[in-house]
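Engineer: Build the full structure now, drawing on both the sequences and the hints.
Letter by letter, the chains look like this.
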Amino acid sequence: MLEIRNLNVEFSGKLAVRDTSFAVQPGESFGLVGESGSGKSTILRTVMGLNATWNGSISVDGQDVRKIPRKQLAKMVQMVFQDPYSSLHPRYVIGQQIAEPMKINGIANPERRTAELLELIGLGAKFQFRFPHELSGGQRQRVAIARALALSPKLLLLDEPTSALDVSIQAEILNLLNRLRKELGLTFVIVSHDLAVISYMCERLMVMRNAQPVETLTREQLRSGAIAEDYTKALIAAA
Amino acid sequence: MSVTPDLVVDPKRAVRAARWAEFKVFTRRFMRNPLGVVGLVIVVLLLFCAAFAPLLATHDPYLPSLTDRLAAPSATYWLGADELGRDIYSRILYGSQLTLLIVGLVIVTSAPIGLIIGAVSGTVGGWVDVVFMRITDVFLAIPKLLLALAFVAALGPGITNAALAITLTAWPPYARLARAEALIVRNSDYVNAVRLAGASEFRIIVFHVIPMCLSSVIVRMTFDMAGIILTAAGLGFIGLGAQPPLPEWGAMISTGRKFIFDQWWVATVPGIAIFTVSLGFNLLGDALRDLLDPHLRQRK
Amino acid sequence: MSDLVQIENLHVAFRNDDGGYNDAVRGVSLQLGREKLGIVGESGSGKSLTGRALLGVLPPYARISVDRMQFDGIDLKSASPKLRRSLRGGRMGMILQDPKFSLNPVMTVGKQIVEAIRIGDRRISGGDAKKKALGILEAVHIREPERVFGLYPHELSGGMGQRVMIGMMVVREPDLLIADEPTSALDVTVRTQVLSILDELVTRRGMGLIFISHDLNLVSKFCDRVIVMYAGRIVESIEASRLHEATHPYTRGLLSCLPQIDGSLEPLPVLNREASWAGAA
Chain D
1 MLEIRNLNVE FSGKLAVRDT SFAVQPGESF GLVGESGSGK STILRTVMGL NATWNGSISV
61 DGQDVRKIPR KQLAKMVQMV FQDPYSSLHP RYVIGQQIAE PMKINGIANP ERRTAELLEL
121 IGLGAKFQFR FPHELSGGQR QRVAIARALA LSPKLLLLDE PTSALDVSIQ AEILNLLNRL
181 RKELGLTFVI VSHDLAVISY MCERLMVMRN AQPVETLTRE QLRSGAIAED YTKALIAAA
Chain R
1 MSVTPDLVVD PKRAVRAARW AEFKVFTRRF MRNPLGVVGL VIVVLLLFCA AFAPLLATHD
61 PYLPSLTDRL AAPSATYWLG ADELGRDIYS RILYGSQLTL LIVGLVIVTS APIGLIIGAV
121 SGTVGGWVDV VFMRITDVFL AIPKLLLALA FVAALGPGIT NAALAITLTA WPPYARLARA
181 EALIVRNSDY VNAVRLAGAS EFRIIVFHVI PMCLSSVIVR MTFDMAGIIL TAAGLGFIGL
241 GAQPPLPEWG AMISTGRKFI FDQWWVATVP GIAIFTVSLG FNLLGDALRD LLDPHLRQRK
Chain H
1 MSDLVQIENL HVAFRNDDGG YNDAVRGVSL QLGREKLGIV GESGSGKSLT GRALLGVLPP
61 YARISVDRMQ FDGIDLKSAS PKLRRSLRGG RMGMILQDPK FSLNPVMTVG KQIVEAIRIG
121 DRRISGGDAK KKALGILEAV HIREPERVFG LYPHELSGGM GQRVMIGMMV VREPDLLIAD
181 EPTSALDVTV RTQVLSILDE LVTRRGMGLI FISHDLNLVS KFCDRVIVMY AGRIVESIEA
241 SRLHEATHPY TRGLLSCLPQ IDGSLEPLPV LNREASWAGA A
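Residue numbers (full-length UniProt numbering), protein chains in the order written: chain D, 1 to 239; chain R, 1 to 300; chain H, 1 to 281.
No lab work stands behind these hints, which were simulated from the structure alone.
Since this is a predicted model, take the numbers as computed values, not measurements.
Just so it is clear, CB atoms sit at the ideal spot from N, CA and C, and this is done for glycine as well.
Zero decoy hints are in this set.
DSS-like mimics (lysine-lysine), calculated; alpha carbons at most 25 angstroms apart, straight line: (1) D:K103 - R:K12; (2) D:K14 - H:K100; (3) D:K126 - R:K12; (4) D:K67 - D:K154; (5) D:K126 - R:K24; (6) D:K233 - H:K221; (7) D:K154 - D:K103.
Covered stretches of chain D (chain H as the covering partner; in silico rule of three or more C-beta atoms under 8 angstroms from a C-beta of chain H): (8) 161-168; (9) 171-178; (10) 197-209; (11) 224-237.
The following residues of chain H were derived to be distant from chain D, with all beta-carbon distances above 10 angstroms: (12) R26; (13) E138; (14) A240; (15) A246.
Structural biologist: See below:
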């Protein structure tokens, strides 16, 4: 579904991602764990084309992302941002924001699908006429998820989807994501600094530090303590 | 999946209702600022005077009456008469039309020009940004009044030319302002989100960046109006704006200057008019800034 | 032992758009000895406002009412702004979530610490103040104090900035330290270090500490006593060691909705908020 080989991303002379490779199978949920500055979010943004300068190869669904037209890529993969307080446009009502991707891509009857999406993520169609500032953080993040699903992508990149939320809301969002993955047959790549969240959400994970991968583990390895690297052990101990 | 039909049928109306509710909250917060309300009242009064000048006026503003030259304020001439015996009260009323005309002309030209240049510049970046901003810098470097003077001198005096001349010097601050907002907005996640959906740069600028620049542009606009009124009056005063016999306030002060010690009302009344209207726009601008400026909005 | 801090029936309210007032803190009472007290709650529960009200740093448009607020026998309710300011500079300190906002960006770290020392002791000589500042940097486990002394805040990492901030606060040897989410912006590995420094300072100097956080597990590991706040009220107050015996459904809900590394993969239990929680305390 997603394959990344020898990815290097440079920001003003400094490598933000160094020689990183991994592959995500269809239907899988893959986690990227690391502390701030480890480059995990940069990988997601690079896949989405938000970073212009990188080298290596990224392919989605077997196709090189450099060769996929932007609108087509938009229908294959979407991203949910970390901070729901800054990822919704403050001047538009929720319904307009969810419909926007469909309008851009000329999908018929966006209003009807917006209402359906709002039901799907558990808010209800009546929310489409609210402004973001009338919603709580958890509700906003649901809206951001609905917007990401508007074009029915099969691959969803989630950048710290719950780290700006309260723990009780985090549980709701994680449950929602798991349900959506099952119902819609999605593939997830989840970035988080929280090993517990990754262990709960992902079948496989990659630990990153200082812009490069430390090791790749399965959930079973993580849980049984079959860990090779000291850094990973330190992360678990501190969690 | 059950979707209540009436919510899908007319989304436009529902969106309008949501915006209306927002506006009502905004009005209520505005009403809590007494000085802002004073400003608003002055501005509304100005609009009212301009709209109903023919009904409110007691005399023909252009008709001289040599027997009443420089008459003091009285029951016939509420605010006195000028050196040709024309009623100052009526001239002030008609003058408000000219003032609004100039302000209107300048605002509808300079604000959109500045907004578009700034938003494009900030969003697109790169060489477009460099070119646009250097042009802006050039215009900012020329003293305002001087450029307006040169322009009017070249094209000849008159209201439209005065307005054009002021526009020429008024748009660069809007461009700067809009660019600064656009620079923040273009990297925000909500713009990234529509970018990821495949939106074109054009769509991003028009539908997502410009709405975010609007509030600071509107605030700036209200503040600018006072400045525009003063510049227009200044041009009128030195004879490069509205031409006689038009009852432009600056030109009225200019003619009243000669009699200021003996017939003070000829120059003072239009002066008070300019002062009041400028103050009104400034008070209104201040109140709007308190409500709209994102940097001041944190207080809850 | 007399209580260091006593608060009775604290209310904090903010104006809403309708011109009325919304209560953000509703009748909070608490006592603090020379111990580590954790205040836990979700955003909007009023936990930070409680800390700020005690320090006297709420914005001027907040409406505060309290029956009794005492700090070491001093009545804060009737204290003059001047007295409260001097208390803040000396006997009470606060550590905020992000050190970037609480350090002066155009002054080196060293200068700021020296200044803090001299505010507390005006007669100290420049050389002694510097020596003391370096000592403090060492006490908060900064490896090269001489080098860090000359750095500007933006040159520090998050963890280092937070340690400097803690250093600046404890240099005045306050009796009470209020830490508002001091580790939330930090990576997990750094967090442990910062917490152990705080613990060491509090224990050694016998300070009272109010630790405000959203992280129930962290607080229960670190503090002696935990207060759980919900919608501006205290719903439960419990010894940290007996947190697992908590009875209030909100506290229990908070504990169970966290995923664990080796936890079940079943859907996480979700809090069903009941209106009664926001009612009587």
